[in-house]
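Trainee: Sequence:
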Amino acid sequence: MTFSDTLLKWYDEHRRNLPWRGLHDAYRVWVSEIILQQTRIDQGIGYYHRFVETFPDIYALATASEDEVLRVWQGLGYYSRARNMHETARNIVANHGGSFPQSSAKLIKLKGIGEYTAAALASIVFNENVPALDGNVYRVLARIFAVPHSIDTSPGKKTFRELAMQLMPDKRPGEFNQALMDFGSMVCKPVNPLCNDCIFQDQCLALQKQSVDKYPVRNIKRKVRERYFNYFLFQTNGPAGEPCFFIQKRTGNDIWKNMYELPLLETSSQLSEEEIFSNPWWKALFPAEKDVLIGKITPPMLHQLTHQRIHARLIHLKISSGDAKILRNRFRLTDNEGFNELPKPRLIEMLVMQADEMPTGTKISDCNIQT
DNA sequence: AAACCGGGGGT
DNA sequence: ACCCCAGGTTT
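Residue numbers for the first sequence, in numbering that gives the first Met the number 0: 0 to 370.
Each hint should be verified, as a subset may be incorrect.
Unchecked claim - DMTMM-like cross-link-like pairs, simulated, lysine to aspartate or glutamate; straight-line CA separation at most 20 Å:
1) K8 x D169
2) K170 x D11
3) K110 x D253
4) K222 x D253
5) K170 x E127
6) K248 x E265
7) K222 x D151
8) K156 x E114
9) K170 x E12
10) K295 x E265
11) K295 x E274
12) K248 x D334
13) K295 x D322
14) K110 x E65
As the list claims (entries may be wrong) - FRET-style restraints, in silico, Cβ to Cβ:
15) L263 x E161: 27 to 37 Å
16) L263 x M0: 52 to 62 Å
17) K282 x D24: 51 to 61 Å
In short, the hints are calculated from the structure, not lab data. For glycine and all other residues, C-beta sits at the position ideal for the given N, C-alpha and C.
Sequences are here, hints too, so could you generate the full structure?
Mentor: Okay, structure coming up:
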């Protein structure tokens, strides 16, 4: 039995039943592949159903607004995936007659589709003989063949690509790729792999060397950035007297691009209350404020991400309609219902949710704070 | 090549 | 506390 015969036999018996399995609808397979980038299947599967229900085909996605697309993506993270999908959907409708190009070489030119996704789509949907290497595949191959090369360097990746290409059967390329991934996530797991039940235990070089945990070889060490976000909840009354507050849309190439948040003062360290209200940002906002009422300033809340540790706190403020006019130039006024429909990062969702109580504080001018 | 981009779950 | 997840883009 060849490697692929052994693997495909295992796959025929043990493969998982996933919603997009067996589909040859390029759109749905594409949606599943993008959602599953750096995302566990258990977490992504609900998003997949919601996404294809909200946007049943490429035209529905192309005609939607970016806000709508990001809203469906809310809570999943790596939001550039959603922005790129939206752009690619519009590109395919505008320039490709609404159909995906049918080769990995052309697919990889689309925004948000890299080497892995192009290969996965082409092999699954168009039966192209090209290996799709994700984290699972790197791990499986690295262990069975004791590959010494690092998986996060270009030469190392090339080695794995060539190895996978040699193992690939002439038929069923898409199932071969998915079989490697299923096998990696179900048997050849990152920790506590099921080597005793493994179909490759007689040929696995890492197992023979009792060094399964040494593979795959990685070089990259991640660095975590510390950030301090001071969010302001400026509460005021709207045109009809309803409770409203100010928000803004994040721009620039930073985290949560094009998503909504509260007015933000970012600092390089934790500020005291006094320092917040003597900060140039605040003084420029309210050159001569009189009516601002301080509510509560929450203790810093830690939002732990892969590459950042965000220390966020919320400053509750009640402002007069006069002061609100000053803010309208820089921020957008919304009520709770309006804000609910806008895409926002998890952190903002949490902050606003626990900020339901109205501020009952004192005027800044009574606080003995130098402003 | 290295940095950047979320959030969650497993151990 | 640390690792990893059906990776990709930007610098």
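Trainee: For each hint, tell me whether it holds in the structure or not.
Mentor: Hints, one by one, checked against the model:
no., hint, in the structure
1, K8 x D169, "holds (15 Å)"
2, K170 x D11, "holds (14 Å)"
3, K110 x D253, "holds (18 Å)"
4, K222 x D253, "holds (16 Å)"
5, K170 x E127, "holds (9 Å)"
6, K248 x E265, "holds (15 Å)"
7, K222 x D151, "holds (16 Å)"
8, K156 x E114, "holds (11 Å)"
9, K170 x E12, "holds (18 Å)"
10, K295 x E265, "holds (19 Å)"
11, K295 x E274, "holds (16 Å)"
12, K248 x D334, "holds (15 Å)"
13, K295 x D322, "holds (19 Å)"
14, K110 x E65, "holds (15 Å)"
15, L263 x E161: 27 to 37 Å, "violated (48 Å)"
16, L263 x M0: 52 to 62 Å, "holds (60 Å)"
17, K282 x D24: 51 to 61 Å, "holds (57 Å)"
The structure fails to meet hint 15 from the earlier list, while all remaining hints are met.
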